[in-house]
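Peer 1: Chains A and B are the protein sequences, given in the same order. First residue of the first sequence? That's 2 in the working numbering, and the numbers climb one at a time after it. First residue of the second sequence? That's 1498 in the working numbering, and the numbers climb one at a time after it.
It is worth saying that the hints were derived from the structure and are not from the lab. Some hints could be false.
Said to hold, decoys possible - Pairs of lysine-lysine residues, derived as DSS-like cross-links and limited to a Cα-Cα distance of at most 27 Å, are as follows:
#1 Lys1644/B with Lys417/A
#2 Lys1725/B with Lys289/A
#3 Lys289/A with Lys1731/B
#4 Lys286/A with Lys1715/B
Unchecked claim - For the chain B half of the interface with chain A, some residues (derived, Cβ under 10 Å), not all of them:
#5 Thr1499
#6 Pro1595
#7 Gly1625
#8 Gly1630
#9 Ser1633
#10 Tyr1646
#11 Arg1717
#12 Gly1720
#13 Gly1750
#14 Ile1752
#15 Thr1874
#16 Lys1875
Even for Gly, the Cβ is constructed at its ideal location relative to N, Cα and C.
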Amino acid sequence: MYDVAIIGAGVVGAMCARTLAKYDVRVCLIEKENDVATGATRANSAIVHAGFDAKEGSLKAKFNVRGSEMMEQVCRELGVKYKNNGSLVIGFNAEDRQTLEELLARGNANGVKGLYIAEKEELEKLEPNLSDTVECALVAPTGAIVCPYELTIAAVGNAMDNGADLERNFEVSAIEKTENGYRIFAGEKAIEARFVINAAGLYSDKIAKMIGDDSFDVHPRKGEYILMDKACGSMLKNTIFRTPSKMGKGILVSPTVDGNLLAGPTSVDMEDKENTATSAEGFDKIIKEACENVKEMPFRRTITSFCGLRAVGSTGDFIIKAENGFVTLGGIESPGLTSAPAIGVYATELLAEQGLELKEKADYNPIREAMHHFREASMEEKNEIIKKDKSYGKIVCRCEGVTEGEILAAIRQNPKALDLDGVKRRTRAQMGRCQGGFCSPYIVELLAREHGMAYEQVTKSGRDSYINVGKTKEV
Amino acid sequence: MTELVIIGGGPAGMSAAVAAYDAGVRDILILERDDSLGGILQQCIHNGFGLHRFGEELTGPEYAWRYEQQVHERGIAYKTGTMVLEVSPDKVITATNPTDGIFQIQAKAIVLAMGCRERAKGALNIAGTRPAGIFSAGTAQKFVNMKGYMPGKNVVILGSGDIGLIMARRMTLEGASVKAVCELMPYSGGLARNIEQCLNDFNIPLKLSHTVVEIHGKTRVTGVTIAKVDENRKPIESTKEYIECDTLLLSVGLIPENELTEGAGICLDRVTSGALVDQDRQTQIDGVFACGNVLHVHDLVDFVSEEAEIAGQAAAQYIADGLDTDMDAVLHTDGKIRYTVPQRITKAKDTNVYFRVADVYKNAKITVLKDGEVLLTKKKMRLAPGEMESLKLTAAQLAGAKEIKFGLEVL
Ligand SMILES: Cc1cc2nc3c(=O)[nH]c(=O)nc-3n(C[C@H](O)[C@H](O)[C@H](O)COP(=O)(O)OP(=O)(O)OC[C@H]3O[C@@H](n4cnc5c(N)ncnc54)[C@H](O)[C@@H]3O)c2cc1C
Chain A
2 MYDVAIIGAG
12 VVGAMCARTL
22 AKYDVRVCLI
32 EKENDVATGA
42 TRANSAIVHA
52 GFDAKEGSLK
62 AKFNVRGSEM
72 MEQVCRELGV
82 KYKNNGSLVI
92 GFNAEDRQTL
102 EELLARGNAN
112 GVKGLYIAEK
122 EELEKLEPNL
132 SDTVECALVA
142 PTGAIVCPYE
152 LTIAAVGNAM
162 DNGADLERNF
172 EVSAIEKTEN
182 GYRIFAGEKA
192 IEARFVINAA
202 GLYSDKIAKM
212 IGDDSFDVHP
222 RKGEYILMDK
232 ACGSMLKNTI
242 FRTPSKMGKG
252 ILVSPTVDGN
262 LLAGPTSVDM
272 EDKENTATSA
282 EGFDKIIKEA
292 CENVKEMPFR
302 RTITSFCGLR
312 AVGSTGDFII
322 KAENGFVTLG
332 GIESPGLTSA
342 PAIGVYATEL
352 LAEQGLELKE
362 KADYNPIREA
372 MHHFREASME
382 EKNEIIKKDK
392 SYGKIVCRCE
402 GVTEGEILAA
412 IRQNPKALDL
422 DGVKRRTRAQ
432 MGRCQGGFCS
442 PYIVELLARE
452 HGMAYEQVTK
462 SGRDSYINVG
472 KTKEV
Chain B
1498 MTELVIIGGG
1508 PAGMSAAVAA
1518 YDAGVRDILI
1528 LERDDSLGGI
1538 LQQCIHNGFG
1548 LHRFGEELTG
1558 PEYAWRYEQQ
1568 VHERGIAYKT
1578 GTMVLEVSPD
1588 KVITATNPTD
1598 GIFQIQAKAI
1608 VLAMGCRERA
1618 KGALNIAGTR
1628 PAGIFSAGTA
1638 QKFVNMKGYM
1648 PGKNVVILGS
1658 GDIGLIMARR
1668 MTLEGASVKA
1678 VCELMPYSGG
1688 LARNIEQCLN
1698 DFNIPLKLSH
1708 TVVEIHGKTR
1718 VTGVTIAKVD
1728 ENRKPIESTK
1738 EYIECDTLLL
1748 SVGLIPENEL
1758 TEGAGICLDR
1768 VTSGALVDQD
1778 RQTQIDGVFA
1788 CGNVLHVHDL
1798 VDFVSEEAEI
1808 AGQAAAQYIA
1818 DGLDTDMDAV
1828 LHTDGKIRYT
1838 VPQRITKAKD
1848 TNVYFRVADV
1858 YKNAKITVLK
1868 DGEVLLTKKK
1878 MRLAPGEMES
1888 LKLTAAQLAG
1898 AKEIKFGLEV
1908 L
């Protein structure tokens, strides 16, 4: 019997787990997939929004501003990359300027610090690669970028190191109220807990319905992206947004914390919550708008494209509530990543109100060793590490320079990487120019060996996403 | 200080080492990231290597072994499992391996022989999902030939580069069914003999002017949509066709791996994506040479060895008493000829100039101009982008030239 079961191991569930791990409570994080951070948290813009977007007084505004203030410290403790690169919302004409004035006023009302509108001359110095047609921009110095899955993996790892459990491949299919809590089913399997947090993202409505709450729906809205080579990230310092219009927020261009350049997202309402296909129209839109924002977009150096699904709630705001020991975190669309640390704290407060006693653990450790500590070490430090563990002297992924030692650490540390995508998200191996062409056969071997699996059992991302279908001549 | 450091222990690196040794250099070190010498040839278990060099049809590993033996016989030093991380403009090499850790070597001369990699799917922006079952042809080759596992049963191949063609045959022989090879261009990028022996002999359809427009499947590929393309290479909606398959192999081009070269500040040729070199395969930096697929993608290893010998011998001469120059001519092309290697001549000596054409041409004439005057012409029945060509220019022909231009005319 757990004290708290959290359904969904995206960034929101992860932040809840990590906040709870501070206290003397037994926590189980439940996830339907083979890894954490596979939903909206896998594929989004990775921006820590300053907080001028959401309407005054909304939950989105409240948690955005708080989350953005917390993010740097959370990242430091978890040893994940965070870069306060700043955001610009660019305007091309008088109409845009008016909207920017409104955003400025809204941001000020939301408590966002340092906002102002900059003119062309200043922008030319601030961001020389902006398109010549840009007239003015709202400058948000508190805007930042993170790596959403790195953050989530580290938060789950830190929660686990502090005693939380992770249950993967557990797709919640029914929930039953018991005398002193809930019984959560995935087919035949069951987990019991006194309290439940529903952080199931796109499926938070489905989970809510399992306890009879049909007050909201969540529908998917896809966002496609194009990611460019690491050689391109230095073209821009800030994240470049367009002025929002009736047509939506449009395509942004941003450096990533790993030095790539990202352009996207599109915005298309969907029916199917599983459909993360990219489209030719999507690529066209991204390329067209990005080229309007920024000079000489290096699309020829594209290394991959991907698509994420926003969990759009039917109320237009985050749906956050607690009743009968059941906390609902529904419709956490953008700025959900930014808000997650603050939502984690708030969900814990809600549980306390619901009767969960929170006694701080004596041995709680908020620090997690950086997954990228080796990569960032000096040559002397690296040689010290290699002396102790030779596998750090062997480069497996040549494009990203990832060593066998780092891959083994990702396979062995909480939460363990069980598949190729898991290794990729933890180490960046397979994420470079050749996209795993050279190193994936060897990583398959390491996964098989470390987890005691047959070579052909290794998957790309769990379930039946097998890399190989059998031995030669036997298929 | 090491006299000659060779980066890459594939056929190019080994040939360069042997040639440099035979020209008198004794202090040679080959650095290879793989656990053994041989490079990509190790996984090329089909035959067809060495026809020009040895007059025999060898498999890839056999061809590599011949050179490996020569390396051993000469006692040339090498470190495998060693990845070079950086080459500085003043020839300091930083590398890492499990036993030495990260170390640096000052070299007197360097031969770059890092080979090439396959273009990945990302660069293509194919719409659809990203399930398991999408591999570059070379990765599939590694799974099958080196690991003994099948990456799929029902296969569509995009791109008709040589590795794709070879893998069409290999997958078929290992029990898979290859449904089609789609090629965006109206001609194949592979060798004519591979189309014959790998596709036609197995009744595998080659669909020219076709591409994959969408990938289907959530966890594993379940199918692809292909379409014919118009003359602007845009898919024609009405020709869309769904093919059920569990695997998509990509053979859409090879790119020389020149991250180290660029890091050293050496200029690359925009067409070859390899360094700009002179007749000795010397790059812009004195004492730094490049050869093999890192310089430009070859279709036959025989020519890699030949080119590497030029680089190895030149490196030896550079180490012994420096290279002398007596001219500085630039080689230009007219667009129908895409590139030449070398791109510069700094010494008038007999030189084979290698080049590739931009399209398939029948009954064409190649003209070489020296400072505007016709130096020589040569008629060719058939020229194709997939087949590298060469022309020999003699020392006398080259002497005193400022500009040499390669042009092509269809007769
Ligand atoms: C295109 C796009 C761009 C975005 N850009 C930004 C941005 O720049 N900045 C920002 O702050 N936010 C952004 N967001 C929003 C942000 O990504 C999300 O708000 C955030 O990732 C939501 O996290 P989550 O944990 O709620 O959901 P998810 O990451 O989707 O996690 C939910 C998890 O629940 C699991 N689950 C679902 N059903 C079940 C079940 N029955 N049983 C067990 N497990 C289940 C899922 O598998 C999944 O892992 C963007 C979102 C998208 C899609």
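Peer 1: None of the hints should be skipped; say for each whether it holds.
Peer 2: A quick look at each hint next to the structure:
1. Under the criterion of a C-alpha separation no larger than 27 Å, the hint pairing Lys1644/B with Lys417/A is consistent with the structure, at around 25 Å.
2. For the proposed pair Lys1725/B and Lys289/A, the alpha carbon gap of about 25 Å is at most 27 Å, so the pair holds.
3. Proposed proximity of Lys289/A and Lys1731/B is supported: the alpha carbons are some 17 Å apart, at most 27 Å.
4. Of the pairs offered as hints, the one joining Lys286/A and Lys1715/B holds, with about 24 Å between alpha carbons and a cut-off of 27 Å not exceeded.
5. Residue-level restraint check for Thr1499/B is violated (minimum Cβ-Cβ distance to chain A is 19 Å; threshold 10 Å).
6. Using the Cβ-Cβ criterion of 10 Å, the hint placing Pro1595/B at the interface with chain A is satisfied: the shortest such distance is roughly 4 Å.
7. The closest approach between the C-beta of Gly1625/B and any C-beta of chain A is roughly 5 Å, which is under the 10 Å cut-off, so the hint is satisfied.
8. For Gly1630/B, the suggested interface contact is upheld, since its CB lies about 8 Å from the closest CB of chain A, less than 10 Å.
9. The criterion of a C-beta within 10 Å of any C-beta in chain A is met by Ser1633/B, whose closest approach is roughly 5 Å, and the hint holds.
10. Given hint, Tyr1646/B at the interface with chain A, holds; its Cβ is 4 Å from that chain's nearest Cβ, closer than 10 Å.
11. For the restraint placing Arg1717/B at the interface with chain A, the shortest Cβ-Cβ distance is roughly 6 Å, inside the 10 Å limit, so the hint holds.
12. Look at Gly1720/B: its Cβ only gets to about 12 Å from chain A, farther than 10 Å, so that hint breaks.
13. For the restraint placing Gly1750/B at the interface with chain A, the shortest Cβ-Cβ distance is roughly 12 Å, beyond the 10 Å limit, so the hint is violated.
14. Interface restraint check for Ile1752/B: the shortest CB-CB distance to chain A comes to about 8 Å, inside 10 Å, so the restraint holds.
15. A least Cβ separation of about 36 Å between Thr1874/B and chain A goes past the 10 Å threshold, and the interface hint is therefore violated.
16. Because the beta carbon of Lys1875/B sits about 34 Å from the nearest beta carbon in chain A, more than 10 Å, this interface hint is broken.
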